[in-house]
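Just need the whole structure built from these sequences, with the hints factored in.
Per the numbering used here, the sequence shown runs over residues 1 to 478.
Since the hints were made in silico from the structure, they are not lab data. Some hints could be false.
With a Cα cut of at most 25 Å, we get these calculated DMTMM-like pairs of lysine to aspartate or glutamate [claimed, not checked]:
| hint | residue 1 | residue 2 |
| --- | --- | --- |
| 1 | Lys121 | Asp154 |
| 2 | Lys286 | Glu304 |
| 3 | Lys423 | Glu437 |
| 4 | Lys238 | Glu279 |
| 5 | Lys168 | Glu207 |
| 6 | Lys132 | Asp100 |
| 7 | Lys316 | Glu330 |
| 8 | Lys286 | Asp248 |
| 9 | Lys121 | Asp73 |
| 10 | Lys387 | Glu471 |
| 11 | Lys121 | Glu385 |
| 12 | Lys274 | Asp2 |
| 13 | Lys178 | Asp248 |
| 14 | Lys167 | Asp189 |
| 15 | Lys238 | Asp48 |
| 16 | Lys274 | Glu6 |
| 17 | Lys132 | Asp112 |
| 18 | Lys62 | Asp73 |
| 19 | Lys268 | Asp48 |
| 20 | Lys238 | Asp290 |
| 21 | Lys274 | Asp112 |
| 22 | Lys168 | Glu157 |
| 23 | Lys423 | Glu207 |
| 24 | Lys47 | Asp112 |
| 25 | Lys423 | Glu406 |
| 26 | Lys387 | Glu437 |
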Amino acid sequence: MDILQELNPAQREAASCTEGPLLVLAGAGSGKTRMLTHRIAYLIQEKDVKPWHILALTFTNKAAGEMRDRVQDLVGSGAEMIWVSTFHSACVRILRRNADCLGYASGFSIYDADDQRALMKQIIRRLNLDPKQYRERAVLAAISSAKNEGILPDAYERQNMDDYRAKKIAQLYREYQKSLLANNAMDFDDLLLNTVQLFRTAPDVLEDYRDRFHYILIDEYQDTNTVQFELVRLLAEKRRNLCAVGDDDQSIYRFRGANIRNILDFEKSFPDAKVIRLEQNYRSTKRILDCANAVIRNNRGRKEKKLWTENPQGRKVRFREYNTAQDEAEGIIRDIVADRERYSYGKCAVLYRTNAQSRLLEERCVSFNVPYRLVGGVNFYQRKEIKDIICYLKTIANGKDDLAVERVINVPRRGIGAVTLAKAQDYAGMRDISLYEALTMAEDIPGLGRAAARKVEGFVNQIRVLRAQQEFMTVQGL
Numbered sequence: 001m002d003i004l005q006e007l008n009p010a011q012r013e014a015a016s017c018t019e020g021p022l023l024v025l026a027g028a029g030s031g032k033t034r035m036l037t038h039r040i041a042y043l044i045q046e047k048d049v050k051p052w053h054i055l056a057l058t059f060t061n062k063a064a065g066e067m068r069d070r071v072q073d074l075v076g077s078g079a080e081m082i083w084v085s086t087f088h089s090a091c092v093r094i095l096r097r098n099a100d101c102l103g104y105a106s107g108f109s110i111y112d113a114d115d116q117r118a119l120m121k122q123i124i125r126r127l128n129l130d131p132k133q134y135r136e137r138a139v140l141a142a143i144s145s146a147k148n149e150g151i152l153p154d155a156y157e158r159q160n161m162d163d164y165r166a167k168k169i170a171q172l173y174r175e176y177q178k179s180l181l182a183n184n185a186m187d188f189d190d191l192l193l194n195t196v197q198l199f200r201t202a203p204d205v206l207e208d209y210r211d212r213f214h215y216i217l218i219d220e221y222q223d224t225n226t227v228q229f230e231l232v233r234l235l236a237e238k239r240r241n242l243c244a245v246g247d248d249d250q251s252i253y254r255f256r257g258a259n260i261r262n263i264l265d266f267e268k269s270f271p272d273a274k275v276i277r278l279e280q281n282y283r284s285t286k287r288i289l290d291c292a293n294a295v296i297r298n299n300r301g302r303k304e305k306k307l308w309t310e311n312p313q314g315r316k317v318r319f320r321e322y323n324t325a326q327d328e329a330e331g332i333i334r335d336i337v338a339d340r341e342r343y344s345y346g347k348c349a350v351l352y353r354t355n356a357q358s359r360l361l362e363e364r365c366v367s368f369n370v371p372y373r374l375v376g377g378v379n380f381y382q383r384k385e386i387k388d389i390i391c392y393l394k395t396i397a398n399g400k401d402d403l404a405v406e407r408v409i410n411v412p413r414r415g416i417g418a419v420t421l422a423k424a425q426d427y428a429g430m431r432d433i434s435l436y437e438a439l440t441m442a443e444d445i446p447g448l449g450r451a452a453a454r455k456v457e458g459f460v461n462q463i464r465v466l467r468a469q470q471e472f473m474t475v476q477g478l
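Quick look at the structure:
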């Protein structure tokens, strides 16, 4: 069977153009995932490329899982050896194997937003800075922006020599990185930045991965930031078989550090690149596309493309403008009630930009007796009991993670008070050791009574038992 027979001409050209740099400008609903998965299958079945020589990167676990499943359906056996993952997952795999080159142990922790804020709060207090002037969220946002641009603390300070506040943030940035290393931890931005640093400082490691990945495919290329571009450039430099798929018209993540210049300047970065446009839309009606094309053509500096479709004309698009948010919420719910004969409530969805907007919509639903279900809420991994379990696992795997130890030392309650913890932290600071190491020396901690030391030893013994069991017991078994 011709692996490309199901594709349209533009998709077929993009899937079969395998050598050298390629930019695929894929409009919304144009079948880019189909093209990508058939391209991978084409490489394996027609070009005889070994699955483990292919790297496919995207931005969400859901997208990576969908791509992996589709490739599995197309090629069958061997698909599991393709690296199909998010940028961050791929970097974690690389760093777990080579973190020692950067001074980390392979069992490093990965800090989420709560962990980051807790650590930054400690550092702000330690440097005697006013927490009202240097709020941890704002400081971490500045540090994240720097990391997305590949800017390290010293360079950040040099760039801001004349800005007092920015110089203080550079100081906090430097201390933050030192504390992460001391805790054998990285944040999500570090996963990308440290992988780039690894490749720059360990050329033999970079060469190993260049020899492994002969073909690199990037989905949603318009959402890549400067560090991700550099990561891809380093990996693709040797063979230059890079396929970047994206759409500058769909670039909406500048606030997360996405650099639109990566896709707009692709031909400058790779002068021999070929550009293919996927413009046939399979998702929308003609009227929807006419509206979308009319709006998006006003963007300046975009790569020209015009979506078209063989789908029906479709219903007219309605635009309504309201004076207040309350009027808007009432108008939306009234429309849903009015259309009850045509559409059941279960077939209606309201999309909004920010979580704060849901309250008014919920109030109107209650007023009109409209049943609703709010999609979202607290993330599974942000729930207290889940975070507690994760911190126990971190402590078992990485005794240097002080934040994890602090969180679970009294979960469940063991009667270990703030004074006992503070004495252990002071002892750890004096000895330049981790908090967990200090806890293992409870009897040597000055001012720690025998009763408090016994409680600490109970926690330490529990961790030791769990560590001894990790060789033969799974998390489920616990």
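- Query: Checking against the hints above, which ones are violated?
  - Reply: 4, 5, 6, 9, 13, 19, 20, 21, 23, 24
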